[in-house]
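S.K.: Modelling step: build the complete structure from the supplied sequences, incorporating the hints.
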Amino acid sequence: MRTKAENRFDLLVVGGGINGAAIARDAAGRGLSVLLVEQDDLAAHTSSASSKLIHGGLRYLEQYEFSLVAKALAERDVVLNSAPHIVRPLRFVLPHEPHLRPEWMIRAGLLLYDRLGRRRAHTLLRSRRADLHEHVAGAPLKPQFATGFIYSDAWCDDARLVVLNALDAQARGAAILTRTRCTRARRGTQTWRAQLRGSGATMREIEARALVNAAGPWAASFLDKVAHLPHAHTLRLVKGSHIVVRKLYDHPYAYTFQQADRRIVFAIPFEHDYTLVGTTDIEFAGRPESVRIDADEIAYLCTAANRYFTRSIAPADVIWSYSGVRPLLEEAGVSASEVTRDYLLDFDDGRSDENRGAPLLNVFGGKITTHRRLAEDALDRLAPALGNTRGAWTADERVRLPGGEFADAQRSGEEAFARFLLATARRYPWLPDDLALRYARAYGTRIERITGASRKLDDLGECFGANLHQAEVDYLVREEWARSADDVLWRRSKLGLRFDVKQRQRLEMYLAGTLEEVSQQ
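Following the working numbering, the numbering of the sequence shown begins with 923 at its first residue and continues without gaps.
The set of hints was computed from the structure by calculation and includes no laboratory data.
These numbers were taken from a predicted model, which means no experiment stands behind them.
Be aware that one or more of the hints could be misleading.
[To be verified] Capping the alpha-carbon separation at 30 angstroms, the derived lysine-lysine pairs in DSS-like fashion look like this: (1) LYS1416 x LYS1169; (2) LYS1064 x LYS993; (3) LYS1169 x LYS1064; (4) LYS1424 x LYS1169; (5) LYS1416 x LYS1378.
[Stated by the list, open to error] If you anchor each label on the Cβ, the simulated ranges turn out as follows: (6) LYS1147 x ALA1093: 29 to 37 angstroms; (7) SER1234 x ARG1348: 38 to 46 angstroms; (8) ARG1013 x ASN929: 47 to 55 angstroms; (9) GLU1401 x LYS1424: 25 to 33 angstroms; (10) MET1431 x LYS1147: 33 to 41 angstroms; (11) ASP1381 x ARG1303: 48 to 56 angstroms; (12) GLU1211 x ASP1268: 22 to 30 angstroms; (13) GLU1337 x LYS1064: 34 to 42 angstroms; (14) ASP1239 x ARG1050: 28 to 36 angstroms; (15) ARG1168 x VAL1423: 33 to 41 angstroms; (16) GLU1337 x SER989: 39 to 47 angstroms; (17) ALA1375 x ARG1278: 56 to 64 angstroms.
Even glycine gets a Cβ: it sits at the ideal position worked out from N, Cα and C.
M.R.: Structure follows, in structure tokens:
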């Protein structure tokens, strides 16, 4: 039985996507007692279904969303600095098509993009014009694309970004409960009383001085069906889908492809041997948990890539696909691709005559790039109601997410990572090069939590396939909330691309036995 104190918190956060995890982290770092509950796995839905980019959103300049772009570019720099193992610079090639946008417009947009994003001169290269008949990035393209523009943004392991925020929140005192659903939330004059249902139908009641609704696509449903509260804002659910094919080229550049419908489709190097193509923007009216790519989306993305690449792809070439539902703010008369990606924090301090009670903050909209800023803004709104909290802290250049402590303020993230990778190879000479690189990218300085006292590869235990060893799986279960094969193969890693059916079945058997042992402890 838990004591009353163990069931009382300053803040209850509902939702374990990027926004919920970032809010829990910020709040815990300000000295608040925090409980985060997530009905599935961390990053199980929208937050693991992005284009894997930390970017300002070049196309938003055309929609005059200068404030959003500036905010996102500032955050790009912060995230590059705080998580240099899972976030890294990426150069994009934008082939020029005069009939879509004149050259002067693209030049002006990229100049503004560079100006808005310049904070640390050594972080990212400036944009420039390129002769695609001479540049290596032009080799995979059809010959009619003679010129283009190259600019900088950043790539991110989105699901691991969520996990790292949750790990940091936990390290600062937060409690993280996955596979736990908030089934009821009742607002009292001083506190919220919430009923939680965990795996195995275990029930728990907790109290919290404030509640954050960061349920993403379920935010409105949470208010309607769990909290039974009215809300003034309407969410617009937009489906975004991506496909993965065998790599279409051998260089490290990504592509930004302009479409005739004015959408943007990216082609991005993915997991060394693949190319990621996406995204779509389609109105969605179904259940967010059941979202799937459809045949029309696959055809659209194949056609988009085939307009540019000499090597054609067809639906049969798709090795993997994923879809996510973006919860965006409703804007009348605006298409799905043009609706704002900015966020709204709907804060009710509970002091109005109509809604007296404990504070409630609803998170609507947002994008993965601005998660840290969103969390900081959320806590700045909540702090006066909660009282006695420390100030904002997550933008400090000395602050790192777990595993990113090798970063050096005097060097770029990539230079610091290269030095760290070299040190890792020297420390663990028995690790194959590709495994050392994967460990360094995924776990950074936390590698030793996997390797432990190992002195040779066999010490890592059984290999389930694709260099996934028992020691890594044990670590993911023990410290990163992994409970299923999907958690391990598609969110903590992307090794699912390399696993066959038998290997997956063996992993599932091992996880079942491991979790049985954990439950009996």
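S.K.: Holds or violated: the 28 to 36 angstroms window for the beta-carbon distance between ASP1239 and ARG1050?
M.R.: Roughly 32 angstroms apart at Cβ, these two residues keep to the hinted range, so it holds.
S.K.: So if I understand the rule, the pair passes when the alpha-carbon distance is 30 angstroms or less; does LYS1416 with LYS1378 pass?
M.R.: Given pair LYS1416, LYS1378 holds - Cα atoms ~24 angstroms apart, limit 30 angstroms.
S.K.: Holds or violated: LYS1169 and LYS1064, Cα atoms, limit 30 angstroms.
M.R.: Since the Cα atoms of LYS1169 and LYS1064 sit roughly 17 angstroms apart, the hinted pair holds (cutoff 30 angstroms).
S.K.: Given the hint that LYS1424 pairs with LYS1169, does the C-alpha gap stay at or below 30 angstroms?
M.R.: Holds. LYS1424 to LYS1169 sits at ~25 angstroms (cutoff 30 angstroms).
S.K.: Going straight from one Cα to the other, do LYS1416 and LYS1169 come out at no more than 30 angstroms?
M.R.: holds, 15 angstroms
S.K.: Against the range 34 to 42 angstroms, how does the distance between the Cβ atoms of GLU1337 and LYS1064 compare: consistent or not?
M.R.: The hint (34 to 42 angstroms, Cβ to Cβ) holds, given that GLU1337 and LYS1064 are roughly 35 angstroms apart.
S.K.: Take the C-beta atom of GLU1211 and the C-beta atom of ASP1268, compute their distance, and say whether it sits inside 22 to 30 angstroms.
M.R.: At 23 angstroms between Cβs, range holds.
S.K.: Is 29 to 37 angstroms a correct range for the gap between the Cβ atoms of LYS1147 and ALA1093?
M.R.: For LYS1147 and ALA1093 the Cβ distance comes to about 33 angstroms; the hint holds.
S.K.: Can you let me know if the beta-carbon spacing of ALA1375 and ARG1278 is within 56 to 64 angstroms?
M.R.: At 58 angstroms between Cβs, range holds.
S.K.: Does the hinted range 25 to 33 angstroms hold for GLU1401 and LYS1424 at CB?
M.R.: Cβ of GLU1401 to Cβ of LYS1424: about 27 angstroms, so the range 25 to 33 angstroms holds.
S.K.: If you check the beta carbons of GLU1337 and SER989, does the distance land in 39 to 47 angstroms?
M.R.: For GLU1337 and SER989 the Cβ distance comes to about 32 angstroms; the hint is violated.
S.K.: In this structure, is the beta-carbon distance linking MET1431 and LYS1147 contained in 33 to 41 angstroms?
M.R.: Holds, at about 37 angstroms.
Consistency with the previously given hints fails for numbers 2, 15 and 16, ordered from lowest to highest.
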